[in-house]
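Under our numbering, think of the first position of the sequence shown as 1, with each following residue one higher.
A portion of the hints provided could be inaccurate.
With a cut-off of at most 25 angstroms between alpha-carbon atoms, the simulated DSS-like pairs for lysine-lysine come out as follows [what the hints assert, rightly or not]:
hint, residue 1, residue 2
1, K144, K270
2, K263, K231
3, K175, K144
4, K228, K168
5, K231, K165
6, K110, K144
7, K168, K199
8, K175, K228
9, K168, K195
10, K195, K175
Okay, the calculated beta carbon distance ranges per label pair [said to hold, decoys possible]:
hint, residue 1, residue 2, range
11, F238, S215, 16 to 22 angstroms
12, A205, M130, 23 to 29 angstroms
13, F238, A271, 29 to 35 angstroms
14, G253, K195, 18 to 24 angstroms
15, L174, E134, 28 to 34 angstroms
16, G186, G206, 36 to 42 angstroms
17, S153, T226, 35 to 41 angstroms
18, Q234, A271, 18 to 24 angstroms
19, G206, K270, 32 to 38 angstroms
The set of hints was computed from the structure by calculation and includes no laboratory data.
In this text, all values refer to a predicted model and were calculated from it rather than measured experimentally.
We put the beta carbon where it would ideally sit given N, CA and C, even for glycine.
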Amino acid sequence: MRNLYLFFRKHYFIFLFLLLEVVSLIFFFRHNKFQNAVMYDWTSAISGRVNNTYNSIAEYLYLRRTNFILGEENAKLHARMPQAIYLADTQIYIRNDTIMQSEYRFINAKVISNTTNRRNNYMMINKGIMHGIEPHMGIIAGDKIVGQVVSVSRHFSWIMSVLHKEVKISAKFLKNNQLVSVEWHGGDYQIGVVKEIPKHLIVSAGDSIITSGNSEIFPEGILVGTIKQVKEHQDENFNTATICFLTDFNGLGYIEVVLDMFKEEKTNLKASFQEL
Numbered sequence: 001m002r003n004l005y006l007f008f009r010k011h012y013f014i015f016l017f018l019l020l021e022v023v024s025l026i027f028f029f030r031h032n033k034f035q036n037a038v039m040y041d042w043t044s045a046i047s048g049r050v051n052n053t054y055n056s057i058a059e060y061l062y063l064r065r066t067n068f069i070l071g072e073e074n075a076k077l078h079a080r081m082p083q084a085i086y087l088a089d090t091q092i093y094i095r096n097d098t099i100m101q102s103e104y105r106f107i108n109a110k111v112i113s114n115t116t117n118r119r120n121n122y123m124m125i126n127k128g129i130m131h132g133i134e135p136h137m138g139i140i141a142g143d144k145i146v147g148q149v150v151s152v153s154r155h156f157s158w159i160m161s162v163l164h165k166e167v168k169i170s171a172k173f174l175k176n177n178q179l180v181s182v183e184w185h186g187g188d189y190q191i192g193v194v195k196e197i198p199k200h201l202i203v204s205a206g207d208s209i210i211t212s213g214n215s216e217i218f219p220e221g222i223l224v225g226t227i228k229q230v231k232e233h234q235d236e237n238f239n240t241a242t243i244c245f246l247t248d249f250n251g252l253g254y255i256e257v258v259l260d261m262f263k264e265e266k267t268n269l270k271a272s273f274q275e276l
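Can you make the complete structure from the sequences, with help from the hints?
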């Protein structure tokens with residue numbers, strides 16, 4: 001404490017000079033309109049920059065939480081879509097009751113690793129067995145297709161992206177329900193291939209391709225992409241086309257895991273038929 005006192009006593013004239021300078025500047029800018037306006041503009045600019053910086057930092061800090069909340073809301077909305085509702089009519093005597101129950105449930109998750117530049121691409125998400133995720137479940141982002149679960153641990157899941165040579169999507173044309181299949185042959189991660197297009201079918205650039213609902217992985221109506229260019233094959237039974245994927249595979253942040261609530265029932269039914 002004594003050293004601090006001695007320091008101020010030794011340099012008191014410097015502090016006195018600075019204090020007088022500040023007082024002089026205050027009086028100078030207060031009683032001169034032009035200088036006052038200049039000072040006001042300068043302080044306003046500094047204040048604006050500080051506020052912008054503060055807001056940017058605050059927005060960044062809350063962005064993760066905001067994205068998570070939006071993902072949870074998307075999952076809830078998907079559960080209410082027509083494709084996620086199972087409708088069954090049961091008739092008992094003269095009563096006709098309509099029973100509606102959820103056929104699909106959606107779990108929001110964050111992508112923590114992802115590739116798009118390889119022939120076979122995978123991603124990892126931060127949800128696993130303890131969250132109800134199992135292999136062969138579908139992965140979507142919003143209303144767009146992403147891939148399927150191939151392996152799970154307690155807290156994480158390994159996803160096979162659509163950008164993989166083993167993935168073949170059961171799809172159809174939105175305009176006429178004609179069934180096709182979609183694959184990715186490597187190269188540009190935004191471009192895929194539509195196969196098994198009937199020759200009689202009139203196909204135009206921009207036609208929408210959606211999931212058919214015939215597989216056990218994806219619900220019907222999930223967006224796959226739009227036709228880019230048709231390729232006719234004279235010596236084959238079907239034509240092909242290139243497709244522009246609607247999913248931004250390189251910018252995936254949050255996804256949803258599709259849980260088929262009737263998967264076990266469907267599997268058991270198929271197994272009983274195969275045993276006959």
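So, going through the hints one by one against the coordinates:
1. Restraint check: the Cα-Cα separation between K144 and K270 comes to about 28 angstroms, which exceeds 25 angstroms; the hinted pair is violated.
2. Note on K263 and K231: the hinted pairing is violated, with a Cα-Cα distance of about 37 angstroms set against a maximum of 25 angstroms.
3. Straight-line distance between C-alpha atoms of K175 and K144 comes to about 17 angstroms, which keeps the hinted pair within the 25 angstroms bound.
4. For the hint linking K228 to K168, the alpha-carbon distance of about 19 angstroms falls within 25 angstroms, and the restraint holds.
5. Straight-line distance between C-alpha atoms of K231 and K165 comes to about 20 angstroms, which keeps the hinted pair within the 25 angstroms bound.
6. Straight-line distance between C-alpha atoms of K110 and K144 comes to about 16 angstroms, which keeps the hinted pair within the 25 angstroms bound.
7. With a C-alpha separation of about 21 angstroms, the suggested pairing of K168 with K199 holds against the 25 angstroms cut-off.
8. Only pairs whose Cα atoms come within 25 angstroms are accepted, and K175 paired with K228 is accepted, the gap being roughly 16 angstroms.
9. A C-alpha spacing of about 10 angstroms is found between K168 and K195, which places the hinted pair at or below 25 angstroms, so the restraint holds.
10. Distance restraint check for K195 and K175: the Cα-Cα separation of roughly 17 angstroms lies within the 25 angstroms cut-off, and the hinted pair is therefore satisfied.
11. The beta-carbon spacing between F238 and S215, approximately 19 angstroms, falls within the hinted interval of 16 to 22 angstroms.
12. For the pair A205 and M130, the beta carbons lie near 45 angstroms from each other, so the given range of 23 to 29 angstroms is not met.
13. For F238 and A271, the Cβ-Cβ distance of about 32 angstroms falls inside the hinted range of 29 to 35 angstroms, so the restraint holds.
14. G253 and K195 have their C-beta atoms about 31 angstroms apart, which leaves the hinted 18 to 24 angstroms range violated.
15. Checked against the hint of 28 to 34 angstroms, the C-beta distance between L174 and E134 comes to roughly 30 angstroms, which is consistent with it.
16. As the Cβ distance of G186 to G206 is approximately 24 angstroms, the hint placing it in 36 to 42 angstroms is violated.
17. Our hint of 35 to 41 angstroms for S153 and T226 holds, since their Cβ atoms are close to 36 angstroms apart.
18. Roughly 43 angstroms separates the CB atoms of Q234 and A271, a value that falls outside the hinted 18 to 24 angstroms.
19. Checked against the hint of 32 to 38 angstroms, the C-beta distance between G206 and K270 comes to roughly 37 angstroms, which is consistent with it.
Against the hints set out earlier in the document, violations occur for numbers 1, 2, 12, 14, 16, 18.
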